[in-house]
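Number of protein chains: 2
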Amino acid sequence: MKFKIAILGAGNLAWHLAPALEDAGHVITEVYARELSKAYSITERLYSASAKDDLDFSESNAQIYILAVKDSAISELADQIILPEESILVHTSGTIPLEILGYSSASYTGIFYPLQSFTKGRKMDLDEVPFLVESDDESTLQKLKKLAKSLSPLCYQVRSKDRKAIHVAAVFASNFSNHMIRIAEEIMRRQGVDFEMLKPLIIETISKSLQLGAKNAQTGPAIREDYETLEEHHRFLAYNDQIAEIYRLISQDIIDS
Amino acid sequence: MKFKIAILGAGNLAWHLAPALEDAGHVITEVYARELSKAYSITERLYSASAKDDLDFSESNAQIYILAVKDSAISELADQIILPEESILVHTSGTIPLEILGYSSASYTGIFYPLQSFTKGRKMDLDEVPFLVESDDESTLQKLKKLAKSLSPLCYQVRSKDRKAIHVAAVFASNFSNHMIRIAEEIMRRQGVDFEMLKPLIIETISKSLQLGAKNAQTGPAIREDYETLEEHHRFLAYNDQIAEIYRLISQDIIDS
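Chains as they are written, first to last, in the working numbering: chain E, 1 to 257; chain C, 1001 to 1257.
One thing to keep in mind: the hints can contain errors.
Result set (BS3-like, lysine-lysine): computed pairs, CA atoms no more than 27 Å apart in a straight line [what the hints assert, rightly or not]: (1) C:LYS1070 x E:LYS208; (2) E:LYS215 x C:LYS1070; (3) E:LYS208 x C:LYS1123; (4) E:LYS70 x E:LYS164; (5) E:LYS164 x E:LYS199; (6) E:LYS164 x C:LYS1199; (7) E:LYS70 x E:LYS52; (8) C:LYS1123 x C:LYS1161; (9) E:LYS149 x C:LYS1199; (10) E:LYS208 x C:LYS1038; (11) E:LYS215 x C:LYS1164; (12) C:LYS1164 x C:LYS1070; (13) C:LYS1199 x C:LYS1120; (14) C:LYS1004 x E:LYS215; (15) C:LYS1208 x E:LYS164; (16) C:LYS1052 x C:LYS1120; (17) C:LYS1004 x C:LYS1145; (18) E:LYS4 x E:LYS145; (19) E:LYS199 x C:LYS1052; (20) C:LYS1149 x E:LYS199; (21) C:LYS1215 x E:LYS120; (22) C:LYS1164 x C:LYS1199; (23) E:LYS123 x E:LYS2; (24) E:LYS70 x C:LYS1215; (25) C:LYS1123 x C:LYS1038; (26) E:LYS146 x E:LYS2; (27) C:LYS1120 x C:LYS1004; (28) C:LYS1123 x E:LYS199; (29) C:LYS1215 x E:LYS123; (30) C:LYS1208 x E:LYS123.
No lab work stands behind these hints: they were computed from the structure.
Modelling step: build the complete structure from the supplied sequences, incorporating the hints.
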């Protein structure tokens, strides 16, 4: 099943999603951005989509309208967009509830959330991206599943309350694990030693974690309850109270769990 | 330069290191373990090493004696081992100071620390492992560097105080990033959703972090200072005070840094 699709937004997600949808055989009819030049930066990567800076889609041929914008912009766009009959409006956020689209002019609404971190210009195979879809309308849900499956085998139907839990989990697994690496970078930089030497350990740790499960993969002073080393590390970090407290709290949680 | 080497210990590190040393052309003369059967579990993977459960090495031909045992056992073994003239005794720990070997019968001492997490039975290419070497004696240092370089191009000479900083950094980069994944697993399990869907995000995050640096790679509600989402996530985690506090503290540190 091929769809005619309009994309609203010209950020990282639109940059990756629009060409991938074309590659999967769908037609991108329009790309909207508040600034026309930004819409062109996406349409120039596409076959025949037109760039738009107004929200009147009453003459559009698209069946599905994808809001690929930041969370804070979703509500305003959904309220202002003018859509034709039988149109489906979806957003792509991990946190915003479905109900926010409820006052739009769309006939049907849904969520089409790619659970991945996108960076413009960085290659990303969409077929390795999980898509989390949701809709109150069964026929819309089926269409969103078909759309997701045309891009990736990893398609999950989830409820809004699951999506919130998944987003919290993603913050730990992604943002917070990245911040642990950031703190390590700082410690190495401060000591004047080369951060490069930690990279093989990080790669092996994460690979082991994903293969064996993080509980089985855990090593280090906390899981060994090596209080002498924990105390010594805590003293070493005395130059930064907040980092020292993060060390103490995470070590305690490793011991407790 | 090829060495005759004795290994003390029969754990994860000995399991990986002993055959790799043979592959690099060195000769393993003896493997010591407190239980002879454990020493055999290593020698059976080697050409001609003999298994030993006593610490009298006065008749050994080895030039380098590698303590591949847990931190808490190093001191006792170093004190009890009987070594021939001109022998070099090294330990493999990231935390224990060089001085702990000072009262041993070795002529020279050093540290030969592979900065990696080893799991018995799991394949690990030693040539991707960084070796951190240290000695007070220049000629010993040169030998340890040659030994390291025979296994891996990643050889770093470090001072004991650097080694401690590197170990603290490694706890953040490895143990703590793994624990963030563990917390994510728990949140997903508790919600009854499939943890699998987070794996592509984790892989992309770490890969981006190592390529661009963790500071540049950071995304999520904290770096965006999206206080509404932070507050909502904190409420979601109210069922576990310790996890909620970890969420608050790391988010604050991301905002501050």
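Okay, the hints, checked on the actual structure:
1. Distance hint between LYS1070 (chain C) and LYS208 (chain E) is fulfilled; the C-alpha atoms sit about 21 Å from each other, no more than 27 Å.
2. Restraint check: the Cα-Cα separation between LYS215 (chain E) and LYS1070 (chain C) comes to about 21 Å, which is no more than 27 Å; the hinted pair holds.
3. Using a Cα cut-off of 27 Å, the hinted pair LYS208 (chain E) and LYS1123 (chain C) holds, with the two alpha carbons roughly 11 Å apart.
4. With a C-alpha separation of about 16 Å, the suggested pair LYS70 (chain E) and LYS164 (chain E) falls inside the 27 Å cut-off, and the hint holds.
5. Taking the CA atoms of LYS164 (chain E) and LYS199 (chain E), the gap is near 32 Å; set against the 27 Å cutoff, the hint is violated.
6. Among the hinted pairs, LYS164 (chain E) with LYS1199 (chain C) is consistent with the structure: their alpha-carbon atoms are about 17 Å apart, no more than 27 Å.
7. Distance restraint check for LYS70 (chain E) and LYS52 (chain E): the Cα-Cα separation of roughly 18 Å lies within the 27 Å cut-off, and the hinted pair is therefore satisfied.
8. Between LYS1123 (chain C) and LYS1161 (chain C), the direct Cα distance comes to roughly 31 Å. Violation of the 27 Å bound is thereby established for this hinted pair.
9. Distance hint between LYS149 (chain E) and LYS1199 (chain C) is fulfilled; the C-alpha atoms sit about 18 Å from each other, no more than 27 Å.
10. In summary, the hint linking LYS208 (chain E) to LYS1038 (chain C) is supported, as the alpha carbons are separated by about 25 Å, within the 27 Å threshold.
11. The suggested pairing of LYS215 (chain E) with LYS1164 (chain C) holds, with an alpha-carbon distance near 25 Å, which does not exceed 27 Å.
12. For the hint pairing LYS1164 (chain C) with LYS1070 (chain C), the CA-to-CA distance comes to about 16 Å; that is within 27 Å, so the pair holds.
13. Only pairs whose Cα atoms come within 27 Å are accepted, and LYS1199 (chain C) paired with LYS1120 (chain C) is accepted, the gap being roughly 24 Å.
14. For the given pair, LYS1004 (chain C) sits about 39 Å from LYS215 (chain E) by alpha-carbon distance, which is inconsistent with the 27 Å threshold.
15. Annotation: proposed proximity of LYS1208 (chain C) to LYS164 (chain E) holds, straight-line Cα distance about 24 Å (limit 27 Å).
16. Distance check on the hinted pair: LYS1052 (chain C) and LYS1120 (chain C) sit about 21 Å apart at the alpha-carbon level, within 27 Å; holds.
17. A C-alpha spacing of about 15 Å is found between LYS1004 (chain C) and LYS1145 (chain C), which places the hinted pair at or below 27 Å, so the restraint holds.
18. With a C-alpha separation of about 15 Å, the suggested pair LYS4 (chain E) and LYS145 (chain E) falls inside the 27 Å cut-off, and the hint holds.
19. Taken as a hint, the LYS199 (chain E) and LYS1052 (chain C) pair is broken in the structure, with Cα atoms around 36 Å apart against an allowance of 27 Å.
20. A C-alpha spacing of about 18 Å is found between LYS1149 (chain C) and LYS199 (chain E), which places the hinted pair at or below 27 Å, so the restraint holds.
21. With a C-alpha separation of about 17 Å, the suggested pair LYS1215 (chain C) and LYS120 (chain E) falls inside the 27 Å cut-off, and the hint holds.
22. Restraint check for LYS1164 (chain C) and LYS1199 (chain C): the C-alpha separation of about 32 Å exceeds 27 Å, so the hint is violated.
23. With a C-alpha separation of about 24 Å, the suggested pairing of LYS123 (chain E) with LYS2 (chain E) holds against the 27 Å cut-off.
24. With a C-alpha separation of about 21 Å, the suggested pair LYS70 (chain E) and LYS1215 (chain C) falls inside the 27 Å cut-off, and the hint holds.
25. Of the pairs offered as hints, the one joining LYS1123 (chain C) and LYS1038 (chain C) holds, with about 20 Å between alpha carbons and a cut-off of 27 Å not exceeded.
26. Of the supplied pair hints, the one linking LYS146 (chain E) and LYS2 (chain E) holds, its CA atoms being roughly 9 Å apart against a limit of 27 Å.
27. Straight-line distance between C-alpha atoms of LYS1120 (chain C) and LYS1004 (chain C) comes to about 24 Å, which keeps the hinted pair within the 27 Å bound.
28. Distance hint between LYS1123 (chain C) and LYS199 (chain E) is fulfilled; the C-alpha atoms sit about 18 Å from each other, no more than 27 Å.
29. A C-alpha spacing of about 20 Å is found between LYS1215 (chain C) and LYS123 (chain E), which places the hinted pair at or below 27 Å, so the restraint holds.
30. Restraint check: the Cα-Cα separation between LYS1208 (chain C) and LYS123 (chain E) comes to about 11 Å, which is no more than 27 Å; the hinted pair holds.
When the structure is compared with the earlier hints, violations turn up for hints 5, 8, 14, 19, 22 and for no others.
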